[in-house]
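Between the sequences and the hints, there should be enough to build the whole structure, so can you do that?
Per the numbering used here, residue 118 is the first one in the sequence shown, and the count goes up by one each step.
A couple of the hints might just be wrong.
[Stated by the list, open to error] Pairs of lysine to any residue residues, derived as SDA-like cross-links and limited to a Cα-Cα distance of at most 25 Å, are as follows: (1) K143 x C130; (2) K151 x A187; (3) K151 x E185; (4) K151 x A124; (5) K143 x A156; (6) K143 x H132; (7) K151 x T126; (8) K143 x E169; (9) K143 x Q167; (10) K151 x H163; (11) K143 x G131; (12) K143 x A124; (13) K143 x A188; (14) K143 x T159; (15) K151 x E177; (16) K151 x G127.
These aren't lab readings, by the way, just hints derived from the structure by calculation.
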Amino acid sequence: MTTTTYAVTGMTCGHCESAVTEELTKLVGVQDVKIDLVAGGTSAVHVTSQSELDEAAVREAVDEAGYELAAS
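See below:
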């Protein structure tokens, strides 16, 4: 197992958290998603998965939810 933290911008509420969590849990290997919400700022999204995830896939999932993965 590995946990990676991603910075996501644009989230403001619990609905935002739910949308991002839903999309990320669709990725193969994702076991858990925890979000430290910073309304209107950059939130920390902690993703626990079986192995390292492809950042492009994570970026696409976050985009599908309507938010943006901050530049790393």
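The hints, checked one at a time:
Between the alpha carbons of K143 and C130 the distance comes to roughly 21 Å, so the proposed pair stays at or under 25 Å and holds. About 17 Å separates the Cα atoms of K151 and A187, which keeps this hinted pair within 25 Å; it holds. Taking the CA atoms of K151 and E185, the gap is about 17 Å. The hint holds against a cut of 25 Å. For the hint linking K151 to A124, the alpha-carbon distance of about 12 Å falls within 25 Å, and the restraint holds.
With a C-alpha separation of about 24 Å, the suggested pairing of K143 with A156 holds against the 25 Å cut-off. Our distance criterion of 25 Å between C-alpha atoms is met by K143 and H132, whose separation comes to about 17 Å. Only pairs whose Cα atoms come within 25 Å are accepted, and K151 paired with T126 is accepted, the gap being roughly 15 Å. Taking the CA atoms of K143 and E169, the gap is about 15 Å. The hint holds against a cut of 25 Å.
Between K143 and Q167 the alpha-carbon distance is near 13 Å, which keeps this suggested pair within the 25 Å criterion. Between K151 and H163, the direct Cα distance comes to roughly 5 Å. Compliance with the 25 Å bound is thereby established for this hinted pair. For the hint pairing K143 with G131, the CA-to-CA distance comes to about 19 Å; that is within 25 Å, so the pair holds. For the proposed pair K143 and A124, the alpha carbon gap of about 19 Å is at most 25 Å, so the pair holds.
This hinted pair checks out: K143 and A188 have alpha carbons roughly 22 Å apart, not beyond 25 Å. Annotation: proposed proximity of K143 to T159 holds, straight-line Cα distance about 22 Å (limit 25 Å). For the hint pairing K151 with E177, the CA-to-CA distance comes to about 18 Å; that is within 25 Å, so the pair holds. The suggested pairing of K151 with G127 holds, with an alpha-carbon distance near 16 Å, which does not exceed 25 Å.
Of the numbered hints listed earlier, not one is contradicted by the structure.
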